[in-house]
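Here is how the chains run, residue by residue.
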Amino acid sequence: MKILIVEDEQELNALLSENFKKIGAMCLSAGNKFEAEDQVLKHQFDCIILDISLPDGSGLDLIPIIKSNQNNAGLLIVSAKNSLEDKIKGLDLGADDYITKPFHFAELNSRLNALIRRKDYNGKEVLKFNEITINIDENQVYINENPLILTKKEFLLLNFFIINKDRILTKETIAEHLWGEDIAFLENYDFIYTHIKNLRKKIEILGGKDYLKTVHGIGYKYASS
Amino acid sequence: MKLIKKSNRNFIWITVLVFPLACIVLFLGLQKISMLEIDEKLLLLENRITKQLKENKTVSSLAPLIVISEIKNITKEKKVWGIAKIYDKEEGEKDNFRELKSYKKINGISYEIKLREDLIEGEDFLFLIAAVFFSILLLVIFLLYYFNKKLSQKIWKPFYKNLKILKEFSLQKESVSSFEDSDIDEFKELKTALEELTKKAKTDYVTLKEFTENASHEIQTPLAIISLNLEDILQGEHTESDYKKLNSSMQSIKRLSKINEKLLLLAKIENQQFSSSKSIDLTQIIKDKIEELELLIESKNLEIRQNYNDDFVIKLDPFLANTLIINLLSNAIKFTPDNGLIEIICVSDCIEINNPCEDNIDIKNLFERFTKNTSKNVPVNNSRQNSVGLGLAIVKKITDVNNLKINAVVENKTFKIFIKK
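So the protein sequences, as listed, match chains A and X. For the first sequence, this note's numbering assigns the number 1 to the initial residue and increments by one for each residue that follows. For the second sequence, this note's numbering assigns the number 1 to the initial residue and increments by one for each residue that follows.
Isolated chain A (complex conformation) (with noise of 0.2 Å):
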């Protein structure tokens, strides 16, 4: 996988390199439009993380470029404002998500996981774990071939942690992924031990293993080992 990351603070840039290197990708960094510009250009991408505001213009301008040169990358957008028009104009542009700073590194590879599944594979292929098997397009898990029966923020809940193995998810991070940010600050956290509790029972019923592990009271881990 080969992503591009348009990102002008040079810090967050790295960042976002080392986490994409983690889970495998190729990274390239551009640093303001120019350079995004001759990256989009010179290689073909899997996706591209853009941030809006760049020291020579705003990187909306540079969507009409990608889309005319890169035959299947997916677009996600980087923005510290949380502002509905740029958002809407960015989705209208062709864009695939939007994401606002700051963000969980768990947020961003779940965005981009979806992305790219999108593109490549309309949906169709399958997330795997030992024994479990997600068919996104069909929004159906099953253990063993069995098929499980998850409510939709439990399917979200499974994904996101399949996702994100390995990755210690604080509480915070895992509702704001289901809930929005908007609501899941509303509130302290507890809630969704329900929603894990569940889960996890319906699994262990279909003979699945707990690999949830918690962390410390302060969240979780789906651990492969």
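These are computed hints drawn from the structure, not numbers from a lab. Computed from a predicted structure; not experimentally measured. None of the hints are false.
Lysine to aspartate or glutamate pairs mimicking DMTMM-like chemistry, simulated, CA-CA at most 25 Å apart: (1) X:K262 x X:E292; (2) X:K2 x X:D181; (3) A:K152 x X:E303; (4) A:K153 x X:D288; (5) X:K209 x A:D61.
Computed, partial: chain A to chain X, Cβ under 8 Å: (6) L12; (7) L15; (8) S53; (9) A80; (10) K81; (11) K101; (12) P102; (13) F103; (14) H104; (15) F105; (16) I168; (17) V215; (18) I218.
Don't be surprised by glycine CBs; every beta carbon is placed ideally from N, CA and C.
Chain A is already provided as a structure; the job is to place chain X on it using the hints.
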């Protein structure tokens, strides 16, 4: 009071005071001049009579105007001036006469020559002057009124037009209608000043807007870096207390970013940057949001009783409508103790949200920024401590900007908040 009325009023007052004074001065002046004229005439007449008498010609008397009588010897010739009141048979009333008594010795005979001239009647004179002045005064007032009316329509037209433009002036609007020119220096100056002022306000506003947005951007990016770094560190092996510290740092960053975002939102609402108003039924939004918040409601085992007799349809930006309701509902959920009851009622143009609460809610400062109702009974770890304290400030701002009324009361340990059209 209009400027024109005020200046007219002053003008009229001055005129009313000055006119009688002018009347008196004119009257006295005219009287003096006519007296001098009469005196001259009488002297001339006396001269002629003396001449006639010297030539031994008879001069007939013409009472009361000319009375010549011989008298016994006088020692000295003299002239005595005076005013005589004499009954005039012709007119049938007493008249004032200017009188010159001249004692003269002509050809050895002493004469007393009394010459009189009718004086203009003082009262008549005064009355005439007053009448003329009064009619002039009326005419002036009338003309003043008439012309000012015309003037205010014509001369003041640019002023009123510019005033109208100024009243409709909004920083949000892209263009300002151009101010009307006038050939009056003061208005010209005002026009230039207004143009400069509006231009400056516009540029300042844009600068400020850009600054707020840029500041928000500049803050969010470092926050993203801190947060991602912490998340990275979190993935390693740590002691439990370090995990907790990392977690709390991450939460604090999230909170900081939320405060930043909400302040920006407040500024945007204040600047009326949300202007896509649509007809929205708030009760429908409440129903939708309750569904979204179901989890929170379940986790606290709350009961929500909804009672809608009427719709609550208003013109509002959809984003603001959502923000308004989510803030109100989350507030109610947050402050209701477990197993509590939240009641939502909508009756004819009023939405009411009731939830149980403690008595010591500071209603007065409820809608102020960064007001948090953290009472002693709340455990330290409770999420209320974690709240930003901007929710109700945002609610208040949304209602203010959209001509809705909001108020809150505490009755019998129930917190009630009302939104009215």
